[in-house]
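Visitor: Given the structure of chain A, go ahead and fit chain B with the ligands onto it with the hints provided.
In the order they appear, the protein sequences are chains A and B. Heads up: the first sequence begins at 1 in my numbering, then just goes up one per residue. Heads up: the second sequence begins at 318 in my numbering, then just goes up one per residue.
Simulated from the structure, these hints should not be mistaken for laboratory data. Be aware that a few hints might be false.
Here chain B is said to cover these stretches of chain A; the calculated rule only asks that three of the stretch's residues, wherever they fall, bring their Cβ under 8 Å from a Cβ of chain B [to be verified]:
no., stretch
1, 181-187
2, 190-198
3, 207-217
Label-pair ranges, simulated between beta-carbon atoms [to be verified]:
no., chain 1, residue 1, chain 2, residue 2, range
4, A, 208, B, 446, 26 to 34 Å
5, B, 434, A, 208, 18 to 26 Å
6, A, 295, B, 434, 33 to 41 Å
Think of the CB as a built atom: it goes at the ideal place given N, C-alpha and C, for glycine as much as any other residue.
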Amino acid sequence: MTVPSPRRWSGQAIFMGWATLVAVGLAAPFVVYPVFLMNVLCMALFASAFNLLLGYTGLLSFGHAAFLGSAGYVAGHAAKAWGVDPLLAILAGTAVATVLGFVIGSLAIRRSGIYFAMITLGFAQMVYFLAVQLPFTGGEDGLQGIPRGRLLGLVRLENSFAMYYLVFAIFLVGFAVIHRTIHSPFGHVLRSIKDNEPRALSLGYDVDRYKLLAFVISAGLAGLAGATKALAMQFETLTDVHWHKSGEVVLMTLLGGMGTVLGPSVGAIIVVTMENYLTGFGDWVTVIIGCVFVVGVLAFRRGFVGEALNLARRFRS
Amino acid sequence: MPDDLILETRDVAKEFLGFVAVAGVSLKVKRGSIHGLIGPNGAGKTTMFNLLTRFLPVTRGTILHRGEDVTRLRPAQVARRGVVRSFQISAVFPSLTTLENVRIALQRPLGTSFRFWSPASSLSVLDDRARALLGDVDLQDLADVPAGELPYGRKRALELATTLALEPEVLLLDEPTAGMGHEDVGRVAELIRRVARGRTVLMVEHNLSVVADLCDTITVLARGSVLAEGTYATVSADPAVREAYMGSAA
Ligand SMILES: Nc1ncnc2c1ncn2[C@@H]1O[C@H](COP(=O)(O)OP(=O)(O)OP(=O)(O)O)[C@@H](O)[C@H]1O
Ligand SMILES: [Mg+2]
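If we strip away everything but chain A, and leave its shape as in the complex, we get (with noise of 0.2 Å):
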C-alpha cells in the first residue's frame, strides 16, 4: 500500500494549515461539550503517535495502549494522592510512558513484522495485568475522582474551558513535535527504512537505533495523549490498557490515512464520535464502528485523508 506522500506543500501552505487547525481549535467550545473535545484530542494524539510508527516507520505495534494507560495511571495517581501540580502530573506520566517505551521498544525492534506486533502486545498485556494487581491502580475501578488542580498554581482547570484549551495546547505541542519529527534529518532516514530497509542497512545505517529512537518518541507522546486524558476526563480505568485500545489506534490511523499528517486525527473524530453518539446501541456500537470500518478501507484504500490528498494531487498534475 503505497501513500501518496504531499510532495512540497509550500511554506505558505503549511502555515494556512496550521492557522486553520488553531482557529478551529480555540472556537470549537464555544459550539462543542468540551469534555467530549478534550477527549477527540487527546486520542487524535495518541493516533498520531502512533501512526509516527506505522506511517512513517513501517512499525506496527499491537501494544500502543500500554503507554496511553500506563501514564493515565501514573498521571492519576500524581494529581490525586500526591497533589501534584497538574503540569507535574502529565510530565510525570509522559516520562514513564517513554521509559517504558524504551524497554519495550529494546526488545519488539529486534524482531520485524507479525513478530514485531506480537512482542508488543505481549508486553501491553504485561501492563494491563500490572494495572489490575497493583494497588494504586483502584483494579476493576480504575481511579475516580481525579482533581485537575490549579495549573501552576494559579488557573483553576475544574473549569472545563481551561482545562480545555490546556488539553489544546498540549495537542498542539505533540502534533508539532511529531510534524517536526516527519520533517527532519531522522525522518528522512525513517522513511528510507519504511521504504527500503535493507538498502538503508547498506548505506550505513543501524536501522535498529533509528527504530527505537521512534517507537520511544511515539510512546512518549502517546504518554502524553494518556496522561493528559486522565486529567481531563477525571478518572483512568482499564479500558485504556486494553489490548482494544491498542486495535482502536490502528483502526482510527487507518480510517483516517496512515502516512498522513492529519489522517489520525480524522480517524479519531471519526471513532470516538461513533463511541460516543452511539453508546445508546450498547454492545451493537461495536459492530456498527466494525462495520463503518471495513467499509472505510474497503472503499477509501488509504483513507480518508490518504484519498483526498491523492485527488488533489492528481488536479495539480
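Guide: Frame of chain A; chain B with the ligands shown alone:
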C-alpha cells in the same frame, strides 16, 4: 603482500538448515581491480555478497577487509568502512524523490541523522552534491520525481548514484545490468568502468560480454565452491567451467 588485497575470505561457508549454499570459498580481491563473480543460478553468488557485507552470519570462515577481521561486525559498520553493496533487485526508496534518495546516502556523514528536531531544510546544503551525482548518471532532470515512478533502468542508475554518494572503497554490485535493455546495459557498463577508477569493484554479472569487457579477474562459482579463477580467457577456456556454466546456463 597482504595490503595488496582489499577483501579476502578464508574458507567461508554458509549453510541454511543443513543446505550448503557456500562451501568453503577463499576469495582474494585485489585493490583497484574489477573482479567478476560468475556462476550458474543458485551457485551462491548473492549469498557470498550477503556474507561479505554481514547481511548474513557466516557458518564458518573468516572475512578480512584491508587485512582486518570483519567477520563479526554489524552490517552498518561494514558499510561505514566503505564496503557498500547493491542488490540483485533494484533497491531505491520509492516514496522519496530521486534527489532525496541520493541525499539519504550523503546525509549520514553530516552527523545529524538522529536530529528529529532539526528542519529537513537543513539537508539542502547537500543538494548541490546530490545533483552532481545525479548528473553523473544522467538523472539530473528527474531530481524531483518519486523514485518509485522511474523506469527500471533508471532505478538501477539511481541506485548506483546513491551507492557512489558514499564514496565507497569497495563496491559490490549484484547483477547491475539484470533486466535492462541493450542500450542501458552499455550505459551502465560504461558507468561502472568510470566509477571503478580509484576503487575496487566486485561484481556478480550474468551478461558475459560485460564481464569479458570489464573484469580483470574472474572467479567462477558453482554449487558453493570455486570452480576456476583467472582472466576471462583463462576461465572461459576451462573445460570444467564450460561444463558447469556455459553448458547449462548459456
Ligand atoms: N535465506 C536463505 N534461506 C535458505 N536458502 C537460501 C537462502 N538464500 C539463498 N539460499 C539458497 O542458497 C543457494 C544459493 O543462492 P544464491 O542466491 O546465493 O545464488 P546466486 O548464485 O546468487 O543465484 P542467482 O544467479 O540465481 O542470483 C540457492 O539454492 C538458494 O536457494
Ligand atoms: Mg543472486
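Visitor: Could you run down the list of hints and mark each one as holding or not?
Guide: Each hint tested on the structure:
| no. | hint | verdict |
| --- | --- | --- |
| 1 | 181-187 | holds (count 6) |
| 2 | 190-198 | holds (count 6) |
| 3 | 207-217 | holds (count 5) |
| 4 | A:208 with B:446: 26 to 34 Å | holds (28 Å) |
| 5 | B:434 with A:208: 18 to 26 Å | holds (21 Å) |
| 6 | A:295 with B:434: 33 to 41 Å | holds (40 Å) |
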